[in-house]
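The whole structure should be built from the sequences, with the hints applied where relevant.
Those protein sequences? They're chains F and D, same order as listed. Position 405 of the first sequence, counted from 1, bears residue number 405 in the numbering used here, the numbering being contiguous throughout. Position 149 of the second sequence, counted from 1, bears residue number 772 in the numbering used here, the numbering being contiguous throughout.
Possibly wrong hints are sitting among the right ones.
Computed from the model, here is a short list of chain F residues facing chain D with C-beta under 8 Å [unchecked claim]:
#: 1; residue: E2
#: 2; residue: Y4
#: 3; residue: I30
#: 4; residue: E128
#: 5; residue: G133
#: 6; residue: I134
#: 7; residue: I135
#: 8; residue: L159
#: 9; residue: D160
#: 10; residue: F162
Because the hints were derived from the structure by calculation, they are not lab data. Since we're looking at a predicted model, the values are computed, not measured. For glycine and all other residues, C-beta sits at the position ideal for the given N, C-alpha and C.
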Amino acid sequence: MEKYDVAVIGGGSAGLAALKQLSNLGKQAILIEAGSKIGSKNLSGGILYSKKPKKGQVTNVEQVYENFLDDAPLERKITKYILHSTSKDKVYSMDLTAAHDYQANFGYSVLMNKLNSWFAKQAQESAEKLGGGIIPGVHVKSLSWNEQTGTIIIQTDELDEFEVKAVIAADGVNSEIAEMVGARKKFTTEQLYQGVKVIVKLPEEIIDERFAISSDEGAAHLFAGDITLNHIGGGFLYTNRDTLSVGAVYHLDSLIRNPAEPYTLIDTLLKNPMVSEFIKDKVPIKPDIDKNLSQEEKLRIRFGVAKLIKTWYDIREANFSPSGRERLIESGKYKDVEDIQSTLLSIQEKMSEKFGVTFGTDYLEDEYGAKLVPDGKRCRMKKPFFKNILFIGDAAGRGVFVGPRIEGINVGIDDGVHAANAVARALDKNDFSNSLGEFYSKSIEHSPYTVDMKQIDKDYLKIFLDAAKDVPTDIIGVRYGTILKMMSSDTFRGIAIKFANIIGYDKLIPIIESEETYVKVPTILAEKLGKSISASYLPTIPPIADRIANLNYNDDNLAHIKVLNSSSEYMKKMVILCPSKCYSEEGGKVIIQHEGCIDCGTCSQETEWHHPRGEKGIHYQYG
Amino acid sequence: MGTLNITVIIKLEPDFSEGNVSYNPDGTLNRAETKNTLGPHSGIAAHAAFFGRVMYDAKVFIVTMGPPIADLALQQAQQISDAEELHLYSDRLFAGADTLGTAEVLRVGIEKMPHKMDIVFSGHRASDGETGQTGPQTAWKLGFTFLGNVISYSVDLETRTIRAKRLISLQGSPNVVEEVEAPLPVFISIDPTYKSNYDAVSQRLAFEKYQKEAIQRAQNFKDYLKVFNAKELGVDETLVGLPGSPTIVYKVERVPKSTATRRAEVIDGTDPEQIRKVVTKMKEALSAMVIK
Ligand SMILES: Cc1cc2nc3c(=O)[nH]c(=O)nc-3n(C[C@H](O)[C@H](O)[C@H](O)COP(=O)(O)OP(=O)(O)OC[C@H]3O[C@@H](n4cnc5c(N)ncnc54)[C@H](O)[C@@H]3O)c2cc1C
Ligand code: SF4
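Here is the structure:
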């Protein structure tokens, strides 16, 4: 059997950081990832933060990857962070940029596929030199221990079994490793959010103009109020370089109580007039082809139209981007900017004159996806190790999600570094007893990301109270008083922090994470104080079947999910809550069709749930 | 342990995949606008060579005879196989060659290589109207043992032998797997169902490493490219191009799967009488062999 020092299981941002750090420390490690390519299985919102806590230290992404700021595929540096309360066509906005900037070096919008591929390239280069590296397309299916040596034997669906001294489990929120060795139970619905997200295409300079940002700035918009359809959570819209990430994240228990299809939730957000206006673009509308034409002629027209539309999109996208224009001119196909623009115009003319293509206002969606998010407040593993296996990132349930503070990527990276350091130390001492896990456990226990979740940060709270200082005192009745009173009265604001401290963090969380905070108060704020916004068009939202059909899959004929009780109440709710409509009910029994599954994990609670085998299943293009 | 040198013979072909085919307004294929690409069978042969690269640290060379634009196919094959040299045999004199004329150019090219080749791979056949003969004819001209329809192989670098599985039809039953062993050098025509398997972690690590190298090399493929004309190659002009091609095409038919000419006989190893029979047969076979 082949033997290696360390195996990292899971090539998300957390696992990759662990591999990079181990290599930085000169330790040999291999990383096993189920997806056919690194990044293809990962999905985030997402904003990647680099933090500078007042007390204690965290390891930031730019410390793990030296050339991060110069070379990483970052979308935009977020410079505006705004919370919108919605009620029908009314929106009341609060600037929370100060909360976003709080103790932060920066926050960049990122797309996980691109970013993780970049991380992988860096980590691979370092790991290779030490005889390690990254192996994608391999799914770990079981772990066992060699009784004599204590080493871990890893079995996969694809490779011969092999042996390692320690494992860093970075296999995400639906960690099979944690479950198979009994390190923790599956997360419960109270401990999880379900996130759905779409990528909207929008040319770079249109984004700059619409969001009133320069090319090196970015905007983040959060939404609460009636767009939640009475669930605890909210919506987000982040600007990327030439796309927008639009998503909805809701507490899974609130979805179970009051089931709503994930796509209905995201569609509600997209139809909010403010969001509709943010995402709109000029789109070509295909002509109806005369049915009486010959088959060949119809085919010829369809070909012609499709080809022209594609060319139009490509040139237009480049035309609205400084680097795009440069690229076109460098290619030698165009003399200058005018040349590009006149070509674009002539294509446009050809489209309408030759084929009857018209242009209208709509939006263009490029990818749909969903994933569970562990609510670190409620699910962090108290003991994030089992024998010589250390759990990091989402696998350990370690994200920091408090109100508009949404941090999972940076926490996982910091965990990865802690775990790698602990393993490196164990390698030096050749000691893989429980002291490895205990050392790791202690080191993250002191991390500000852990400490932050245990106490109220007065300064952070004050930012919110200050943001709300323009809210008049008397707009809301006593019924929804607590939060609003805290926000809306000077006197209360003064004592709010004291009050928060008195009732304590644990009791404050249910007050903050309540329908009152996410739904009722924002809705009333919008109704009473909001500005009316009217959308200039109604977005044509693709039906879920089209969204799924648009995704890239490598179908596995072997089902990776088995329904355990086809008549349970929970499984019946999956018919509504599965974001890719894999479940249906027939004669009181719930059945699954696993082919369209996007590995979100929502149904894992009451199923025998595995990630698909190596290279199989969903392959996100953006993530 | 010795080293392993591998050559792959490839071919540029029209790309029949979706989106790359161009149609004339009358719906017929527009040949001028249809893109060219590495032939799919050549691609499989390049994968087989990459297997040698990963498993035995082999040096891979890719060769093709064709017009200057065939360098595109060489680049694609390099990206698959991590080849360290790409040879393009390009000359007007080669035009109009049939398989025999092509095989002659390839023979001269392969014999002129900087190293002695241990394995030469070719695709099963080309998809644009070839007959599947170039491979066997080149093997014959090189004097290499020919193994057709190979679906997997392994090499013993110490004894310098190759073990290969072939997909054949035997006495009327299709898809019989035959395992053969032969001393190097060999010429292998790769079956379309060939697949490389990398089952060990170390093999996958090597795979990733060489794949990365292959992508980098292919990005700068011109640095690895050598173009030879007839003169530089030193071919006998009467054996190549139109003069070297005796074929007259009047009809094209599919090449049937090769059928084994040998008949297998089961021998009971516990019966001394039967063993005696085997020894006699072996003696017969040995006396019939010409030792070079
Ligand atoms: C909609 C949404 C919005 C979010 N917004 C933000 C944000 O703005 N900022 C932020 O910081 N965080 C955000 N998060 C959270 C953040 O995305 C996650 O915390 C982070 O991506 C988790 O990284 P990870 O490496 O721990 O896990 P993952 O990225 O899930 O990686 C786990 C990997 O393990 C692999 N794997 C699993 N099992 C196996 C196995 N058995 N064998 C081999 N491989 C396996 C998987 O294929 C996967 O690649 C958001 C999450 C969602 C869903
Ligand atoms: S089948 Fe389960 S894991 Fe797959 S998409 Fe549906 S809910 Fe998510």
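Outcome of the hint check:
1. Evaluation of the E2(F) hint against chain D yields a held restraint, the C-beta minimum of about 5 Å falling below 8 Å.
2. A distance limit of 8 Å between C-beta atoms decides the matter here; for Y4(F) the minimum to chain D is near 7 Å, and the interface restraint holds.
3. For the restraint placing I30(F) at the interface with chain D, the shortest Cβ-Cβ distance is roughly 6 Å, inside the 8 Å limit, so the hint holds.
4. For E128(F), the interface hint holds, the least distance from its beta-carbon to any beta-carbon of chain D being 6 Å, beneath 8 Å.
5. Because the smallest distance between the Cβ of G133(F) and any Cβ of chain D comes to about 5 Å, under 8 Å, the interface hint for this residue holds.
6. The interface hint given for I134(F) holds, since its Cβ lies 6 Å from the closest Cβ of chain D, which is under the 8 Å cut-off.
7. About 5 Å separates the beta-carbon of I135(F) from the nearest beta-carbon of chain D, less than 8 Å, and the hint is met.
8. The beta carbon of L159(F) comes within 6 Å of a beta carbon in chain D, closer than 8 Å, and the hint placing it at the interface holds.
9. A distance limit of 8 Å between C-beta atoms decides the matter here; for D160(F) the minimum to chain D is near 5 Å, and the interface restraint holds.
10. Contact between F162(F) and chain D, as hinted, is supported at the beta carbon level, the nearest pair being about 5 Å apart and thus within 8 Å.
Violated hints for the displayed structure: none, as all numbered hints are satisfied.
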